[in-house]
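**Q** Protein chains in written order, with the numbering used here: chain L, 7 to 371; chain D, 7 to 371.
Simulated from the structure, these hints should not be mistaken for lab results.
Don't take each hint at face value.
Said to hold, decoys possible - If you only want the chain D side, here are some residues facing chain L, beta carbon under 7 Å, derived:
#, residue
1, Pro19
2, Arg32
3, Pro33
4, Ser68
5, Glu76
6, Leu129
7, Pro203
8, Pro204
9, Ser254
10, Glu327
11, Gly330
As the list claims (entries may be wrong) - So these bits of chain L aren't anywhere near chain D, every CB distance computed over 10 Å:
#, residue
12, Arg32
13, Ala44
14, Glu103
15, Ala157
16, Ala223
17, Ser280
18, Gln299
Predicted model only: the values in this text are computed from it and were never measured.
In this text, a Cβ means the ideal position worked out from N, Cα and C, and glycines have one as well.
Letter by letter, the chains look like this.
2 protein chains.
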Amino acid sequence: MPLTDRLLLGPGPSNPYPEAVAALTRPMLGHLDPEFIALLDETNDRLRKVFRTANALTFPISATGSAGMEACFVNLLERGETAIIGVNGVFGERMSEVARRCGAEVVRIEQQWGQALEPERLLDAQREHPDARLVAVVHAETSTGVENAIAPLRALRDTDTLLVVDTVTSLAGIPVEVDAWGVDACYSGTQKCLGVPPGLSPVTFSSRAVERVRNRAHPPQSWYLDLGLIGAYVGGSARTYHHTAPISMIFSLHAALGTVLDEGLEAGWERHRSVGERLQRELPELGFRLIAQEGHRLPQLTSAWLPEGADDAALRKGLLEGCGIEVGAGLGEFAGKAWRIGLMGHSARDRSVTTLLGALRELLA
Amino acid sequence: MPLTDRLLLGPGPSNPYPEAVAALTRPMLGHLDPEFIALLDETNDRLRKVFRTANALTFPISATGSAGMEACFVNLLERGETAIIGVNGVFGERMSEVARRCGAEVVRIEQQWGQALEPERLLDAQREHPDARLVAVVHAETSTGVENAIAPLRALRDTDTLLVVDTVTSLAGIPVEVDAWGVDACYSGTQKCLGVPPGLSPVTFSSRAVERVRNRAHPPQSWYLDLGLIGAYVGGSARTYHHTAPISMIFSLHAALGTVLDEGLEAGWERHRSVGERLQRELPELGFRLIAQEGHRLPQLTSAWLPEGADDAALRKGLLEGCGIEVGAGLGEFAGKAWRIGLMGHSARDRSVTTLLGALRELLA
């Protein structure tokens, strides 16, 4: 098969940083080799800087972002417990489904697609269900391009309810402040603003989340995602074997985190903000209408209704085959009518916006 | 950090095939890109050839081998059902634990470490528990170097009990015959005889296994590993998005499978046999004593007691730091007293044996 290259402006994967690609071919090491353990430790230190946390239990889960989500729920919930979940898009729905499969009672706080969740309603729900074991929210809803505010949920610190946050599409793209926001469990994905190929899910757990896991009545239903067992490998002094780590992917994450931190987290956020705002300013000139609520628009993921009369599939095919550009189709209620345009990680460049708008002008002419 | 290269002669990861390493850097594609879907389809066709099966549902799980194990159990077992599991090493133990976490009643058929399971005892257990939903066996026990015979278990075809087989360390190293042996669910790992970095778990399911999943009373407890949902992406005509596939790792698997099939499966088995037998012939000359039962020794994974008076940790350190060679420590009952030496995939070469024996002669002199 011939090699094909793309400008990846969908909801992820983005184009990985060149450093992340080069690191994939680092010579293989065993998962118990002292050189690999040192590199994993350094990777986890870099993750702490990106998550803005001092949490000891911070590491990449050996699977993609959805497994990071599942890791949070299977470790923090037991059968019959209550979980409060904000739902305003596909990934809030997925959280509900994963929590249900843990045998939890799910209290859904819903909001229309394209609108942001109101933190006060989540806090109210917790006051109504003070026994709820956790409140879970998607920070950056990849299905709608909406940012849900997390900082106000810090108030949960004063309750026995943990705060679980999905930062798959936000981490390294917009500010994420795990410690300052009082987040107890947080998962992300590598293939968005971190600029790494898909395959890992960085996670971090507060000491009270770790305490919760330690005091479970029953072991988590997943052996693969059992934090107690994984923790003995990633953090324990004995480095007890659990499963074989995905070495090459961790090499790649290690390198990309170096790139992200060399640029500076704040500088990276500013780059994402600047190119996203430019796209959102210029896209309406071509007849697109922005979907996400003003003031809650993600710069790294723009959702927009297609111009009047435009043919979704034909237009995406034209971009892909004619120009090598991928954009994302709408999910759920937005299918066939809207697009999701990502400007994440290495793809978050002015040249990406210039290329996409130029191609669209030709195709819509 | 400087790059370090190793000769990987432990229980995995092995040194990946050069083609597998090169393919990691293939330009990134989206998981719904028609070019990626075509490559995934071709990967799954190649997997069918390596598993020796016509099973439609054959694909790589987006996580390591242990997640493939978990995928089999969470999809094929419901709470309160019975599972018969052969246990003669770490990975049989792991199967029992994973099945218990599915709420199953586990009937353990145990055998001493280093000895092979007797298939007749597994068949007897099924006759005693005809309602058992599955019999599960590790084909190649990585913890002991023993091969458990699978072919005689084909008799389960005439019962309502499914046959589940772990081929993590056997696939592409010794004959695996999914269809001829009547295996209903089979999982492997990429980092052993397939010669790919760790990170994926190829799986295949027979039509009666798929039927079983379809007729479940409750959805599987894992959303990430739910075969119904994943199947709609890997096999469905609509290619419904489930989770973002680990693209670069699939590129690598695709390439390595090409290498394996270009050499020819039989020729690859013969290469593993030949180098493994040489090691097992020459290792005792240095004072090592083979552990695995004669007639059931895996050529790709040799377990051996250390020579009288040899210091396990010091000797492994000498190999690693002095010669860049990794071998595996003993697990469980074998810790500190035995080694596991892998000759798998690209590491299964005469030159590996020559190098290892040469280094050992120097260190033991």
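**Q** Take the hints in turn and mark each one as holding or not.
**A** We went through each hint and held it up to the structure:
1. The beta carbon of Pro19 (chain D) is positioned within 7 Å of a beta carbon in chain L (closest approach about 6 Å), and the interface hint is therefore held.
2. Among the interface hints, the one on Arg32 (chain D) holds; its C-beta lies about 6 Å from the nearest C-beta in chain L, closer than the 7 Å criterion.
3. Using the Cβ-Cβ criterion of 7 Å, the hint placing Pro33 (chain D) at the interface with chain L is satisfied: the shortest such distance is roughly 4 Å.
4. Here the hint on Ser68 (chain D) is kept, as its CB sits about 6 Å from the closest CB of chain L, short of 7 Å.
5. The closest approach between the C-beta of Glu76 (chain D) and any C-beta of chain L is roughly 5 Å, which is under the 7 Å cut-off, so the hint is satisfied.
6. For the restraint placing Leu129 (chain D) at the interface with chain L, the shortest Cβ-Cβ distance is roughly 27 Å, beyond the 7 Å limit, so the hint is violated.
7. Interface hint status for Pro203 (chain D): upheld, as the beta-carbon distance to the closest one in chain L is roughly 4 Å, under 7 Å.
8. Contact between Pro204 (chain D) and chain L, as hinted, is supported at the beta carbon level, the nearest pair being about 4 Å apart and thus within 7 Å.
9. Interface restraint check for Ser254 (chain D): the shortest CB-CB distance to chain L comes to about 4 Å, inside 7 Å, so the restraint holds.
10. At about 9 Å, the closest approach between the beta carbon of Glu327 (chain D) and any beta carbon in chain L exceeds 7 Å, and the interface hint on this residue is violated.
11. Nearest Cβ of chain L to the Cβ of Gly330 (chain D): about 10 Å, over the 7 Å cut. The hint is violated.
12. Here Arg32 (chain L) does not stay apart from chain D, with its beta-carbon only about 6 Å from theirs, under the 10 Å limit.
13. Not every beta carbon of chain D lies more than 10 Å from that of Ala44 (chain L), the smallest distance being close to 7 Å; the non-interface claim is violated.
14. Residue placement check: Glu103 (chain L) does not keep its beta carbon more than 10 Å from all beta carbons of chain D (closest about 6 Å).
15. With a cut of 10 Å on Cβ distances, Ala157 (chain L) stays outside the contact zone with chain D, its closest approach being about 28 Å.
16. Every CB of chain D lies more than 10 Å from the CB of Ala223 (chain L), the least distance being 14 Å, so the non-interface label holds.
17. Chain D leaves Ser280 (chain L) outside its interface by the beta-carbon criterion, the shortest separation being 23 Å against a cut-off of 10 Å.
18. The beta carbon of Gln299 (chain L) is kept farther than 10 Å from every beta carbon of chain D, the shortest such distance being approximately 24 Å.
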